[in-house]
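> These are the residues of each chain, in order.
There are 2 protein chains.
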Amino acid sequence: MKAEIITIGDEILIGQIVDTNSAYISSVLNKIGVSVYQITSIQDDKAHLLEAFAAAQSRTDLVIITGGLGPTKDDITKHTLCEYFNDELELNQSVLDHVTYLFKEYVKKPMLEANKTQALVPSKAQILVNKFGTAPGMWIEDKDTVFISMPGVPYEMKGLMENEVLPRLQEQFKLPYILHKTFLTYGMGESAIAERIETFENELPATIKLAYLPSLGRVRLRLSTSGPEQDVLEKEMAIQTKKLLPLIDDIFIGFESDGELEEVVAKLLVDHNKTIAIAESCTGGQMVERFTKHGGASQYLKGSLVTYATQSKIDILGVDPTVIDKHSVVSAEVASQMAVNAKRLYKSDIGISTTGNAGPSKGDSDAEVGTVYIGVATDKGVTAHHFMMGNHRKRVIGKSVNKALELLRDVIRKEG
Amino acid sequence: MKAEIITIGDEILIGQIVDTNSAYISSVLNKIGVSVYQITSIQDDKAHLLEAFAAAQSRTDLVIITGGLGPTKDDITKHTLCEYFNDELELNQSVLDHVTYLFKEYVKKPMLEANKTQALVPSKAQILVNKFGTAPGMWIEDKDTVFISMPGVPYEMKGLMENEVLPRLQEQFKLPYILHKTFLTYGMGESAIAERIETFENELPATIKLAYLPSLGRVRLRLSTSGPEQDVLEKEMAIQTKKLLPLIDDIFIGFESDGELEEVVAKLLVDHNKTIAIAESCTGGQMVERFTKHGGASQYLKGSLVTYATQSKIDILGVDPTVIDKHSVVSAEVASQMAVNAKRLYKSDIGISTTGNAGPSKGDSDAEVGTVYIGVATDKGVTAHHFMMGNHRKRVIGKSVNKALELLRDVIRKEG
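Order-wise, the sequence lines are chains A and B. Using UniProt numbering, the final residue of the first sequence is 416, and nothing's skipped along the way. Using UniProt numbering, the final residue of the second sequence is 416, and nothing's skipped along the way.
You may find that some hints are simply not true.
Copies of one chain are not kept apart here, so a pair can be met inside one copy or by any two copies together.
Stated by the list, open to error - For lysine to aspartate or glutamate, the following EDC-like pairs were computed, each having C-alpha atoms within a straight-line distance of at most 20 Å: (1) K109 x E195; (2) K174 x E162; (3) K2 x D45; (4) K235 x E368; (5) K347 x D315; (6) K131 x D74; (7) K109 x D250; (8) K73 x D325; (9) K104 x E236; (10) K31 x E260; (11) K181 x E201; (12) K104 x E195; (13) K380 x E415; (14) K235 x E195; (15) K104 x D74; (16) K380 x E256; (17) K46 x E162; (18) K73 x D250; (19) K116 x E198.
Keep in mind the hints are simulated off the structure, nothing from the lab. All values reported here derive from a predicted model rather than from experimental measurement.
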């Protein structure tokens, strides 16, 4: 089954928001065997919507539309769907009841006329219940294409996809199986990897595609395939994995299916019954945020400190000022003390620290922009690692956090 | 001038990455008076690329393409451009010199054959120098349309847009002026706002569009207009702003042109020569990360603590355990102590804290999911504020940080 996604909203086309809905929808469709052929973002403009609907219908079996379902005048998707399907809006009592319920239970304010209009839906649409908002999802079948329209608010759309759209698609259609396997590597550029695995790539069966995705000091290699039989795909993927792994042994970190790197580390910590504490300087809280953005961090994370100012490294983290004077605040010695002291303060099993200069200009030390030290303290001792991360602030921070996570993973695996 | 953006890459269509390039490109084009008509994301598939190029050319004057320029086999944009323009690849000496220089100075590894192929470009293309990578940008004029092809790596693409594409577009074309004004509001839903400002909306001149953008406890109202004369637009926008502001006085926070809320707060802190320290529990480092992701935070940020575990609130932040026993760790009293103690520990002018339960399940307290207390301490005393933020973890955290930033802004403005 081939799908297209149409996201509607002026805010996307003027760059006021990043369209994250498309990536989410693509990823969950992919998991149930629906491949996305095109993603199109357009303004709230009737003629353009009609053109995009027709173009998508001519190419695919499933058209997923988000946005333009709000109660205000700038939202025109519902009226345009009526025009496209030669249909009319009619009052849907179950939607009206749901909107009334939401206002009574959650909004706790009187319902306005505009809110009631949310219950007007095209007569040809089947309703998909939106638990988190007043705009219902709509499922409209026309010739051989299914149109699904959902609000653009991400958590409402996600609720609709999970609770309504995906189960219905799986029930109604016989979907093939799509399989991706993504190998995370670090320390080598994509051209060098391509040269090294050239023979492997040339010998890949035509049914398997290989892609290279470079980002923040790593390259992801993705093998993709699809077909009607899961067994066959998995066997073929296992064969190729077995061929590829020895070729990239020295640069391979893990599979992406294991989750984000911080999730891999989190799982290792929980499995080994270990806790961590974090002391961040140049990474400014991004390391702890990587852990806490997922639920369950309280199982292994004792806490963290961001000691941005040099004085706070001394006052709060107890770094020895004579060490700072002697070696500079951006040094292996300071990174080590930060890691050890964070571990001691928070009474954790592991302490990890960053100190460096992410730029754009020099800070409390003379260290060149991009210089980063990472300290790792355990019961067995402390190590500090030196890196040059380039001169682009966001990338320096992102690469430093990735590197710290890799060091954490290695030390947990090694020391158990 | 009307533009379309085409982003190329299987990783977008399977949802492995979020396409952030389009939002960036749209936003910077908009600022120089180019409006984006459509954004299209497609796979690395020759037939589909050709179809998308033709469709975009038929609708617009400018087609901006990102992605598919890597040195590996999955990247086919350059060959497809040749086919589309009936052109051939030829070796460009200046690109080859640049690639050779990058390898010598930065990569410090021998150049591979694959890297040299980066210097093969369509003969009809003018080269745009990519300071940050080996794939050059390309500018191809065909009939009345300009095609621009850039690599998909965000920082390479951004460098090309800033240094090459935008200046050239401004030089070569007479562009109109596009003006947006975005009003940030909080505390009222979009329908209620729409009802309140209905007369204003109905009386808006046809040249000005109004949009409502709800997100994380706020609604942004955006007025947009465009035309050849900046003066005329600014005058008209000033008139409408003067009409709208009194209608939303009680819910208005500021204009979006002032930057992200944390940037507004950062500027206020620097202007008032004040420093802050942050103690976070339920927000898990996201507040400090909002500040440190921008440069220059060391001017006003002394540091932060994430005290996730209750014991670390006692050990490190010095919260009184009897207060925790009496009022629970999620309470106004604990929030107040956290803010006061963070201020004292870091020797800052202001201390701000969060404690609450972001979910998904209950933590170290019995507080209902969504319960959040925010403490603000200054030299004049401490206040704690109670909120119910719903039951969606990411939204609870996001709304809490927004609310904390609003409280910070208010206190700096008030106490100066």
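> Check K109 against E195 for me: Cα-Cα at most 20 Å, and say if that holds within a copy, between copies, both or neither.
between (64 Å within a copy, 14 Å between copies)
> Between copies, within a copy, both or neither: which fits K235 and E195 at Cα up to 20 Å?
neither (26 Å within a copy, 60 Å between copies)
> For K73 and D250, with the copy left unspecified, which applies at a CA distance of at most 20 Å: within, between, both, or neither?
Neither. Shortest intra-copy (58 Å) and inter-copy (23 Å) distances fail the 20 Å Cα cut-off.
> Go through the copies and call it for K109 and D250: within, between, both or neither, with a Cα cutoff of 20 Å.
For K109 and D250, the Cα distance is within 20 Å only across copies (17 Å; inside one copy 61 Å).
> For K116 vs E198, is the C-alpha pair at or below 20 Å within one copy, between two copies, both, or neither?
between (61 Å within a copy, 16 Å between copies)
> Up to 20 Å between alpha-carbons, please classify K104 paired with E236: within, between, both or neither.
Answer is neither: 55 Å inside a copy and 41 Å across each miss the 20 Å cutoff.
> Given a CA cutoff of 20 Å, do K181 and E201 count as a within-copy pair, a between-copy pair, both, or neither?
Within one copy only: 15 Å inside a chain, 51 Å across chains, cut-off 20 Å.
> Up to 20 Å between alpha-carbons, please classify K104 paired with D74: within, between, both or neither.
neither (26 Å within a copy, 54 Å between copies)
> If the cut is 20 Å between Cα atoms, do K131 and D74 qualify within a copy, between copies, both or neither?
neither (23 Å within a copy, 41 Å between copies)
> Checking K46 and E162: alpha-carbon separation at most 20 Å within a copy, between copies, both or neither?
neither (29 Å within a copy, 33 Å between copies)
> At most 20 Å between CA atoms: does that hold for K347 and D315 within a copy, between copies, both, or neither?
Both ways: K347 and D315 sit 18 Å apart in one copy and 9 Å across, limit 20 Å.
> Using 20 Å as the alpha carbon limit, work out where K31 and E260 are close: within a copy, between copies, both or neither.
within (17 Å within a copy, 35 Å between copies)
Hints 4, 6, 8, 9, 14, 15, 16, 17 and 18, counting from the list given before, are not met by this structure.
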